[in-house]
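Engineer: So the chains spell out like this:
2 protein chains.
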Amino acid sequence: MITNPEKTTVYGRPVQTDGVPNLYEGTQVVRWATPEAGIDNLGIHSWDTFAIPGVGEFDVEFDGYVRVVRSEPTENEWADAEVYTNLIEMKMTGTSEELGTITVTLNPTCLSAGQIRNPFDPYAGEGPSAKACRMAVGCLFDIPKLGKTLFNKEPVILTIDDVRSIPPAGAPGKGQIYRMLPLHDLKNPDAEPVGYLTSLRFNMGGYLAPEKIA
Amino acid sequence: MITNPEKTTVYGRPVQTDGVPNLYEGTQVVRWATPEAGIDNLGIHSWDTFAIPGVGEFDVEFDGYVRVVRSEPTENEWADAEVYTNLIEMKMTGTSEELGTITVTLNPTCLSAGQIRNPFDPYAGEGPSAKACRMAVGCLFDIPKLGKTLFNKEPVILTIDDVRSIPPAGAPGKGQIYRMLPLHDLKNPDAEPVGYLTSLRFNMGGYLAPEKIA
Chain A
1 MITNPEKTTV YGRPVQTDGV PNLYEGTQVV RWATPEAGID NLGIHSWDTF AIPGVGEFDV
61 EFDGYVRVVR SEPTENEWAD AEVYTNLIEM KMTGTSEELG TITVTLNPTC LSAGQIRNPF
121 DPYAGEGPSA KACRMAVGCL FDIPKLGKTL FNKEPVILTI DDVRSIPPAG APGKGQIYRM
181 LPLHDLKNPD AEPVGYLTSL RFNMGGYLAP EKIA
Chain B
1 MITNPEKTTV YGRPVQTDGV PNLYEGTQVV RWATPEAGID NLGIHSWDTF AIPGVGEFDV
61 EFDGYVRVVR SEPTENEWAD AEVYTNLIEM KMTGTSEELG TITVTLNPTC LSAGQIRNPF
121 DPYAGEGPSA KACRMAVGCL FDIPKLGKTL FNKEPVILTI DDVRSIPPAG APGKGQIYRM
181 LPLHDLKNPD AEPVGYLTSL RFNMGGYLAP EKIA
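Chains as they are written, first to last, in the UniProt record's numbering: chain A, 1 to 214; chain B, 1 to 214.
These are calculated hints, taken from the structure and not from any lab test. Treat each hint with caution, since some may be false.
Identical copies look the same in the list; a pair holds intra-copy or inter-copy alike.
Claimed, not checked - Keeping only pairs whose Cα atoms sit at most 30 Å apart, straight-line, the calculated BS3-like set for lysine-lysine is:
no. : residue 1 : residue 2
1   : Lys7      : Lys148
2   : Lys7      : Lys91
3   : Lys145    : Lys91
4   : Lys174    : Lys212
5   : Lys174    : Lys187
6   : Lys91     : Lys212
7   : Lys187    : Lys7
8   : Lys148    : Lys187
The model shown is predicted, which means the values in this text are computed figures rather than measured ones.
With these hints in hand, go ahead and build the complete structure from the sequences.
Structural biologist: And the structure:
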């Protein structure tokens, strides 16, 4: 299904999920190759910093999984291929003494989407063929000690540089947050932000066994 | 009017426009002061770089105006005050030999929104009281030589640092674009991006005379 009326906010190109196979632990990740379309079930680990005005600033480490549907590559050869992605499921949990156990999932009203393509500004140090990966994501942050679920109205832009395989399993990435990204209370969305995401780093994990996906 | 069903994509907090006065040339901009709510009619100048795969990379200089509605400040004193903003109108034009005269306006399906508040990470060199300004914007780029109107599905994040007045008239700012921001064809929104915005700098101008706002 490409068009989904539930998604009022669309952050990128929709990718077909119907008939696309799930890929789990045991799937080979091959460098400089363009795999067929698939749903990657991958581990993810992240380090987020939250600023909650009047409460404080908190570093929280998260662990969990993502499910990413990938399009067919636009070319068979690595050199010019592009791949489009939708983040179709995410679950990460992290514990902070002050904020309790935070659970991060996808905001169902957003189509979280991205792509892998050649950068226009390849860095020195990247191979001539390394690609850039980016994904724009709408999240829900359930924070029980605040009694609130927070969500972002601007997407969190997750990027991975120097991509040498699809998926970029094992690669480090960054949330491109400039100073602060406002987080709103799901129950009071038009009010002032309740908190801000001020920093985000992550590591893509490898393929997970099916039983690791809740 | 706070809720507007036309805005399917909401990038921030809605700000009331009913009964808020328009402010034009002659309005004083006062440092370290918190003005009452208003609609700022301001000049804007920007320098954008577009990458169009298969066509080339183009630097285009734009000039035009914005209309920004500002909320009442949350506090009367500058030190802790926050102000919420919506970009309610924009028109900029710029000419490129290869792309023709490009017109940039707001995407009417997006609520383009932002805020001015104290940063959590004040820079060395900023006064202790300088604020940070950010705005998330949905644009339409009408490019006649391509025969297309392009739009962004991820907001363009416009930021101004070291804000010492509200509005930050005359201040330089930046579009926080990490490597590339995809631009889609309005008539074929689910297809591959037609182009990318790869860089954006801007300068906020001062208050304009009413006749300068089309």
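Engineer: Look at each hint and say if it fits the structure.
Structural biologist: Going through the hints against the structure:
1. Lys7 with Lys148: both (22 Å within a copy, 25 Å between copies)
2. Lys7 with Lys91: both (19 Å within a copy, 29 Å between copies)
3. Lys145 with Lys91: The answer is within: 19 Å in one copy meets 30 Å, while 45 Å across copies does not.
4. Lys174 with Lys212: within (24 Å within a copy, 42 Å between copies)
5. Lys174 with Lys187: within (29 Å within a copy, 32 Å between copies)
6. Lys91 with Lys212: within (11 Å within a copy, 51 Å between copies)
7. Lys187 with Lys7: Both, since 18 Å and 19 Å are each at most 30 Å.
8. Lys148 with Lys187: Within. Shortest intra-copy distance 8 Å satisfies the 30 Å Cα cut-off; inter-copy 39 Å does not.
When each numbered hint is compared with the structure, no violation occurs for any of them.
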